[in-house]
Amino acid sequence: MNLIREIYQSIVRRDPLSTDKGKSELVFLNVWLHIHPAKVKKENLKFKHTFYLGFITFFLFVILVTTGIALMFYYRPYPPHAYQDMKDLQFVVFMGPFLRGMHRWAAHGMVVCVFLHMCRVFYTGSYKKPRQFNWVVGVFLLLLTLGLSFTGYLLPWDQLAFWAITVGTNIGSYAPLVGGKLREILLGGHTVGEAALLRFYVLHVAILPSLVILLTVVHFWRVRKDGGLSRPIWKLKTNKPEQLVTIGVPPQTAPAQVVAASQEKTYGLMEVVTGKPIFETVDPEEEDDAVFSYPFAFFREGIALMATVTGIMAISLFFHAPLEELANPAKTPNPAKAPWYFLGLQELVSHSALLGGVVAPTLMVLALLAIPYFDRNPSRRPSERKWAIWLFTLFVVANLVLIVIGTFFRGPGWAFVPPWVHVVAGAE
Amino acid sequence: MNRRSFLSWGSAGVVALGSGVGVSLGAVVRFLMPSVFYEPPQVFKVGTPADFAFGAPTFLVDEKIFVFRDREKGFAVASAVCTHLGCTVAYFQSDQRFHCPCHGSVFASNGSVVHGPAPKALQWYEVTLARDGQLRVDKDKVVPSSYRLMV
Ligand code: HEM
Ligand code: FES
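Residue numbers (my numbering), protein chains in the order written: chain A, 57 to 484; chain B, 580 to 730.
Hints may contain errors.
[Unchecked claim] To be clear about the criterion: a stretch of chain B counts as covered by chain A if any three or more of its residues have a C-beta under 8 Å from a C-beta of chain A, and this derived list gives those stretches:
1) 681-694
2) 702-716
[Unchecked claim] Partial pick of chain A residues on the chain B-facing surface, computed with a CB cut under 7 Å:
3) Thr222
4) Val223
5) Asn226
6) Ala231
7) Pro232
8) Gly244
9) Ala386
10) Thr388
11) Asn390
12) Pro391
13) Ala392
14) Ser406
15) Phe465
16) Val473
Honestly, the hints are just simulated from the structure, not real lab data. Beta carbons: idealized from backbone N, C-alpha and C, even for Gly.
Turn these sequences into a full structure, and let the hints guide you.
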């Protein structure tokens with residue numbers, strides 16, 4: 057008995073969870089949990105503040121890594137075999153369709169959730185000082201997510217995959233000067249062939265996931281170092297500077313602008329314990345609001361995790377990932393469409409390849425990156441940032457409209473065909 | 580170590596490090612540029628003239644070309660790759676035009692753009708008669724659309 061206790065205590069060294077010290081130590085002493093502060097603001101945990109979209113995005117990524125590794129056991133990135141392996145996964149491998157489904161639906165879900173998460177961060181003004189850089193990290197995560205989806209799209213080596221990637225990579229070749237060479241490097245050739253499949257595979261299973269993991273770590277670390285989650289909008293109060301204390305900064309040097317940002321920050325016990333935090337400014341009045349991460353935050357995150365996993369599993373039980381005919385370079389399906397999240401881009405490209413395919417997306421990404429530095433309005437209250445909200449909403453709606461047109465309103469020959477008109481394939 | 584030697588050794592070090600990094604990056608880019616292409620050859624034979632009918636062009640699937648044969652004018656070879664984003668165009672005998680399924684570009688029978696997002700005309704390739712009597716197409720040699728091979 058003593059030995060068992062000794063072993064247990066060599067692993068778990070914290071005090072019992074019934075004590076406050078135990079609850080703090082659970083967080084401090086655990087490598088996985090210590091990214092959390094020991095205490096969080098109860099109000100920040102509210103579903104209607106973050107919709108837990110960042111967490112859901114992360115959990116979807118975890119699902120993708122897990123199912124992706126499973127799929128790798130049965131997939132060879134070489135043209136004739138790749139498609140056969142897909143067929144095997146579809147019909148022969150135990151639980152193959154379920155695995156493929158989970159991987160596919162989680163991938164679509166991640167694109168949706170990362171976008172919604174970005175919208176949430178924008179509408180709550182959570183990219184403002186001191187969180188500007190974390191927004192930039194986020195934009196790169198968004199691009200990496202799209203890159204992962206795009207490279208994954210080629211791997212089944214069916215008609216859908218082949219033509220979506222042919223069209224997609226040709227868009228890139230319109231970039232002035234370097235375009236053609238870039239495409240050659242990406243494809244390892246002049247057309248989508250075996251070299252391209254291998255390169256996309258390496259990007260998809262090794263390079264891009266590693267980059268996502270790297271940046272996610274930075275992203276989470278920054279959330280923490282920027283003072284935890286931003287305060288919910290409804291908790292923003294009118295400035296009451298006199299009541300604020302800035303920890304780690306001598307009182308007389310506490311500048312006015314620190315005060316303005318202060319209501320958007322929480323602070324963790326750990327910072328107080330270990331010395332000088334970077335940004336912490338604490339409103340003593342709000343201290344009552346803080347609760348221990350265990351169990352409050354962990355419980356909610358656990359719910360989000362379980363909801364995400366069960367949701368994706370349930371969908372995968374009923375809907376299987378599509379698989380068309382073997383890729384045929386000679387026969388272009390009509391209409392040939394890129395993955396749905398690129399159909400807005402394809403719609404633009406159908407008007408002008410250079411403007412729509414290179415200039416517009418580049419400007420969009422640059423605009424996204426610039427938002428936190430360009431928007432100098434310190435207020436996070438929606439009523440005080442109407443312009444920003446209008447502009448961003450315009451951006452979101454424009455993207456959605458283009459995607460909807462590209463997805464539902466484009467028929468053979470990219471002609472405008474409303475979805476309610478029955479299209480006879482090949483009738484021209 | 581005095582200030583002067585610190586600066587000179589320091590800048591030499593920075594230069595050495597910088598060029599090392601530069602050269603390595605260049606090597607990485609060069610590594611990624613394929614040195615060999617495992618792709619269909621650019622020059623190939625497509626058969627004897629007698630294999631091709633007059634009138635509607637023959638579409639060669641693997642080579643992605645159309646072979647035109649005209650009674651008076653002879654042979655011509657057009658690329659089937661849309662100049663917009665690389666989909667394969669189809670030739671419609673009904674209106675004597677090329678139609679691209681992807682974004683609706685339409686090309687006249689001489690390859691010029693009728694409408695659609697395609698920025699340039701379809702390419703025409705040199706076709707010659709090889710010693711063995713077969714037609715030989717060279718995709719590296721782009722010719723004007725008026726080019727014809729009389730047989
Ligand atoms: C792989 C993609 C991403 C993952 C896994 C991720 C994950 C997270 C998580 C877990 C949080 C904590 C709060 C929450 O759930 O909302 C968060 C916060 C944040 N994210 Fe992301 N994120 C991603 C992409 C993005 C993107 C695309 C942006 C914006 C362009 C962004 C900007 C931010 C900012 C500024 C915060 C702090 C928000 C606050 O303090 O209220 N993230 N992210
Ligand atoms: S690829 Fe032919 S119109 Fe776009």
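Outcome of the hint check:
1. Coverage of the stretch 681-694 of chain B by chain A holds [criterion: at least 3 residues with CB-CB distance below 8 Å; count 3].
2. With a cut-off of 8 Å between beta carbons, the stretch 702-716 of chain B has 0 residues touching chain A; three or more are needed, and the interface restraint is violated.
3. Interface hint status for Thr222/A: upheld, as the beta-carbon distance to the closest one in chain B is roughly 5 Å, under 7 Å.
4. With 7 Å as the threshold, the beta carbon of Val223/A comes within range of chain B, its nearest partner Cβ sitting at about 5 Å, so the hint holds.
5. For the restraint placing Asn226/A at the interface with chain B, the shortest Cβ-Cβ distance is roughly 4 Å, inside the 7 Å limit, so the hint holds.
6. For the restraint placing Ala231/A at the interface with chain B, the shortest Cβ-Cβ distance is roughly 13 Å, beyond the 7 Å limit, so the hint is violated.
7. A least Cβ separation of about 13 Å between Pro232/A and chain B goes past the 7 Å threshold, and the interface hint is therefore violated.
8. Interface restraint check for Gly244/A: the shortest CB-CB distance to chain B comes to about 5 Å, inside 7 Å, so the restraint holds.
9. Given the 7 Å rule on beta carbons, the hint for Ala386/A holds: about 4 Å separates it from the nearest Cβ of chain B.
10. Given the 7 Å rule on beta carbons, the hint for Thr388/A holds: about 4 Å separates it from the nearest Cβ of chain B.
11. Taking 7 Å as the C-beta contact cut-off toward chain B, the hint placing Asn390/A at the interface holds, the least distance being around 3 Å.
12. Because the closest C-beta pair between Pro391/A and chain B is about 6 Å apart, less than 7 Å, the hint holds.
13. The interface hint given for Ala392/A holds, since its Cβ lies 5 Å from the closest Cβ of chain B, which is under the 7 Å cut-off.
14. Satisfaction of the interface hint for Ser406/A is found here, the shortest Cβ-Cβ separation to chain B being roughly 4 Å, below the 7 Å cut-off.
15. Of the supplied interface hints, the one on Phe465/A is violated, with its beta-carbon coming no nearer than about 13 Å to a beta-carbon of chain B, more than 7 Å.
16. Hint status for Val473/A: violated, given a least beta-carbon distance of 11 Å to chain B, over 7 Å.
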